[in-house]
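Here is what each chain is made of, one letter per residue.
Number of protein chains: 2
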Amino acid sequence: MRPTLIVGSIAFDTLHIGGQSHPKVLGGAATYASLAAAHFGPVQLVGVVGRDFPQTAVSMLRERGVDLSGLEVADGETFHWEGRYSDDLSSRETLRTDLNVFADFRPKIPTAFRATPFVMLGNMDPTLQLEVLDQVERPRFVLADTMNLWIDIRHAALTDLIKRVDMLVLNDEEARQLSGVQNLVRAAADLLALGPKTVIIKKGEHGALLFQGDEVFSLPALPLSGVADPTGAGDTFAGALIGYLARANDLSGPSLRKAVVYGSVLASFCVEGISTQRLSTATSAEVHARFERFRQLTAF
Amino acid sequence: MRPTLIVGSIAFDTLHIGGQSHPKVLGGAATYASLAAAHFGPVQLVGVVGRDFPQTAVSMLRERGVDLSGLEVADGETFHWEGRYSDDLSSRETLRTDLNVFADFRPKIPTAFRATPFVMLGNMDPTLQLEVLDQVERPRFVLADTMNLWIDIRHAALTDLIKRVDMLVLNDEEARQLSGVQNLVRAAADLLALGPKTVIIKKGEHGALLFQGDEVFSLPALPLSGVADPTGAGDTFAGALIGYLARANDLSGPSLRKAVVYGSVLASFCVEGISTQRLSTATSAEVHARFERFRQLTAF
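First to last, the protein sequences are chains A and B. The numbering used here numbers the first residue of the first sequence as 7 and each following residue consecutively. The numbering used here numbers the first residue of the second sequence as 7 and each following residue consecutively.
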């Protein structure tokens with residue numbers, strides 16, 4: 007089984023959502039992405055946690071097939087984010103960000119991981135994402151995720167990064183912000199012109215769009231009768247996507263489309279539970295059944 | 007060829023959009039719906055216009071296959087709506103509504119139209135939509151469109167109407183408003199419980215959802231690199247949908263799904279031109295080519 011290398015944040019999240027508070031639950035872009043990718047094959051996770059990171063979380067990740075030999079344990083506390091969601095879950099407000107040990111994080115890719123052909127650069131400072139690319143050996147496929155903060159304060163580094171990745175994943179508002187273009191078709195064309203072979207625009211409950219050359223694939227999200235916690239859905243989407251591609255070892259158009267569907271399948275599990283609860287317990291049979299639900303949802 | 011009976015408003019629209027003004031262009035829910043349905047077979051249009059309604063518009067509708075023997079020409083001026091779109095076309099503001107001859111409109115269905123099996127009740131006061139149902143002879147399929155105004159001020163009549171239709175078509179905000187439920191899956195379940203066999207929720211640039219029993223069909227919109235004028239897109243969608251069903255004479259699940267795709271195809275033409283310009287000139291070959299584009303857009 008081909009592994010996927012995933013680099014990014016590992017965090018505790020304190021979530022205020024649906025009238026309840028969930029203090030210091032497991033979170034972080036790389037955590038969600040790793041758990042999602044692990045549904046498809048082994049994952050090599052590189053990130054940093056503090057001395058407070060619990061053994062239960064380490065064990066859970068290992069049991070799901072995540073290799074933690076690249077997990078750095080630093081003196082201090084784990085990255086902590088606290089946020090409150092609006093009643094309809096369509097927006098959220100950051101109440102507190104304690105970078106803690108993540109403030110000084112410099113990714114160190116273990117020698118054993120440097121030739122891994124599928125690499126996901128989880129959402130973090132693009133200067134760190136570039137440092138990862140400088141350590142790995144010509145990977146076959148690099149996916150980068152980003153966010154509005156880096157478009158604002160690390161524009162030059164982000165542009166450098168985008169030139170060097172195969173697939174850029176971002177949400178609709180970020181695509182508009184980065185390109186300066188309101189229309190998503192033209193925004194995607196501008197982003198493709200920066201270098202990546204594929205651009206994926208995530209639209210949350212409205213699904214996802216894949217752009218490659220003149221080809222466009224549009225997949226709606228699975229309509230869900232209840233959402234518990236949208237945290238990490240985008241990271242989960244990207245992690246499942248690259249995990250599927252690594253397993254398939256196929257970067258053709260049809261394979262990329264299936265990868266988007268698997269990304270959406272895992273994201274649909276992710277939002278059904280608080281933190282990683284539902285994502286980490288979804289079975290292989292459930293994943294395949296939900297893939298078939300996407301077929302029934304979209305077939306005509 | 008089985009005809010479709012369409013009842014609703016015929017209007018002049020004054021549009022302020024994309025930095026330009028378009029005074030008194032052809033508009034109205036029944037106009038858009040009729041032009042869309044006419045791509046699939048003959049249309050019987052029932053509505054009212056004033057003495058100012060131009061012969062060129064009458065000729066254009068006739069040439070597209072719209073039977074105007076149910077068009078009432080009343081003393082006075084045609085319904086006129088004036089609105090201004092936001093720069094990104096995501097919202098619009100009504101500047102002026104002159105109901106004119108539409109204020110006293112009472113639909114009179116010609117005897118020759120009363121046995122037409124496919125009936126579309128375009129968006130208008132639900133008391134008028136009910137009057138149409140009282141005049142027709144047990145149609146095989148009735149589609150009703152509505153809007154936020156009637157949910158606010160004609161709630162009881164709208165509820166009566168919904169019990170008597172086969173398909174209710176409305177947008178996402180209207181579905182939430184009418185059901186009082188934020189989640190669209192649960193909102194649709196509540197609306198189905200009111201009586202219609204099928205509920206379709208239009209989401210504009212995010213596509214459309216079809217709910218029937220436990221079945222859900224989700225179709226994204228065609229990603230367009232430019233939108234000239236969104237006016238009438240929802241009416242066009244519904245008109246093409248029922249026009250396709252009348253031609254197919256098939257109300258099975260697969261046929262309903264194809265009808266949603268054809269609705270989206272015609273809506274995509276509609277928004278590419280000001281008023282009905284692009285909708286009324288799209289050829290059969292263009293319609294079929296765009297249906298195939300939807301297959302390529304969504305296949306996996």
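The hints are simulated quantities; they were obtained by calculation from the structure and are not laboratory data. These numbers come from a predicted model, not from an experiment. A few of these clues could be false.
Note that the list lumps identical chains together, so a pair holds whenever it fits in one copy or between two copies.
[What the hints assert, rightly or not] Subject to a maximum C-alpha distance of 20 Å in a straight line, what follows is the list of computed SDA-like cross-link-like pairs (lysine to any residue):
#1 30 / 166
#2 114 / 305
#3 203 / 303
#4 264 / 120
#5 203 / 58
#6 114 / 90
#7 209 / 306
#8 203 / 229
#9 169 / 229
#10 203 / 287
#11 114 / 230
#12 203 / 56
#13 203 / 89
#14 264 / 154
At most 20 Å between C-alpha atoms: does residue 264 with residue 120 qualify within a copy, between copies, both, or neither?
Answer is neither; intra-copy 27 Å and inter-copy 49 Å both fail.
With identical chains, the pair residue 264 and residue 154 could be close in the same copy or across copies; at 20 Å between alpha carbons, which is it: within, between, both, or neither?
neither (27 Å within a copy, 38 Å between copies)
Please work out whether the CA atoms of residue 203 and residue 229 approach to 20 Å or closer within one copy, between two copies, in both situations, or in neither?
between (30 Å within a copy, 19 Å between copies)
Since the copies are identical, ignore which copy is meant and state whether residue 203 and residue 56 lie within 20 Å (CA to CA) inside a copy, between copies, both or neither.
neither (37 Å within a copy, 56 Å between copies)
For residue 203 vs residue 89, is the C-alpha pair at or below 20 Å within one copy, between two copies, both, or neither?
neither (34 Å within a copy, 41 Å between copies)
Given identical chains, is residue 203 near residue 58, meaning Cα to Cα at most 20 Å, within a copy, between copies, both, or neither?
neither (40 Å within a copy, 55 Å between copies)
Between residue 114 and residue 230, at a C-alpha cutoff of 20 Å, which is it: within one copy, between copies, both, or neither?
neither (39 Å within a copy, 43 Å between copies)
What label fits residue 203 with residue 287 when the C-alpha limit is 20 Å: within, between, both, or neither?
Cα proximity of residue 203 and residue 287: none, with 33 Å in one copy and 36 Å across.
Please work out whether the CA atoms of residue 114 and residue 305 approach to 20 Å or closer within one copy, between two copies, in both situations, or in neither?
So residue 114 and residue 305 fail the 20 Å test inside a copy (45 Å) and across (40 Å) alike.
At most 20 Å between C-alpha atoms: does residue 209 with residue 306 qualify within a copy, between copies, both, or neither?
between (22 Å within a copy, 19 Å between copies)
Evaluate residue 169 and residue 229 at a C-alpha cut-off of 20 Å and name the case that applies: within, between, both or neither.
neither (35 Å within a copy, 25 Å between copies)
Within, between, both or neither, where residue 203 and residue 303 count as close if Cα-Cα is 20 Å or less:
between (28 Å within a copy, 18 Å between copies)
Hint violations for this structure: numbers 1, 2, 4, 5, 6, 9, 10, 11, 12, 13 and 14, all remaining hints satisfied.
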